[in-house]
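Enquirer: Given only the sequences and the hints, what does the whole structure look like? Please build it.
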Amino acid sequence: MIAQKDKKILFLHGFFASGQCVPALALKDAFKGRADVLTPDLSIHPKESLSLIKEICDKEHPAVLVGNSCGSFYAQMVASVTGKPALLGNPHFKMTEFLKSRIGEHQFEFLKSRIGEHQFKSPRKDGNQKFVIDDALIEEFAELESIQFDGCNLSNGIDHVWGLFGEQDTLAHFEPLFLEHYNHSFDFPGGHTPTAEEVRIWYVPLVEKLLNDCD
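According to my numbering, the sequence shown is numbered sequentially starting from 12.
Please note that a few of the clues may not be correct.
[To be verified] Distance condition first, Cα-Cα at most 20 Å in a straight line; then the derived PhoX-like pairs of lysine-lysine:
| id | residue 1 | residue 2 |
| --- | --- | --- |
| 1 | K136 | K39 |
| 2 | K19 | K43 |
| 3 | K70 | K58 |
Please keep in mind that the hints were generated in silico from the structure rather than gathered at the bench.
Expert: Have a look at this one:
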């Protein structure tokens, strides 16, 4: 069965991204005329993001949640509470490690901490492209990490939360942890952030299946 036009999909982007990132736009394009894909800009603050997601779920009643990276971290928690089907693309279940890690832009540059000011990698609706990572933000994520799987149980549909993992992902390696809590895992030959083509080839068929299963 093909997804119906009145169905809605809620896409949740990664930490450095926005609702205008490549995966979001590719998903919108793939479902044009078949389903409405909602792609809100999420806050860098996890509790604010979760509040916004739950508010959208209450108002818009999306049939399926789709996340990437940090967005999948949120999608898993919301799905476990609401029972909504969800596709978790390269979920990052340990955002504190990600935010604390040290990075270098190329091999000749000294490593630098992620603590400090950054810019979002895709446009935000409010026009504000700058944000700051600090210890307080890391602590916010730590609080949620400690309880992120608390709502995961059979009654909340663990069979309707699926994971999709890039074989070339160098940032998140959480398929084993995912399988400690959920049953359906898929791999694709891509990296952490999928290209538009990878979204069409690998994400879209799984989202379609979740949409049709919820009929």
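Enquirer: A separate judgement is required for each hint: does it hold in the structure or not?
Expert: Each hint, compared with the structure:
A threshold of 20 Å between alpha carbons decides the hint, and for K136 with K39 the separation of about 17 Å falls inside it, so the pair holds. A hinted pair counts as satisfied when its Cα atoms are at most 20 Å apart, and K19 with K43 qualifies at roughly 11 Å. In summary, the hint linking K70 to K58 is supported, as the alpha carbons are separated by about 18 Å, within the 20 Å threshold.
In summary, this structure violates none of the numbered hints.
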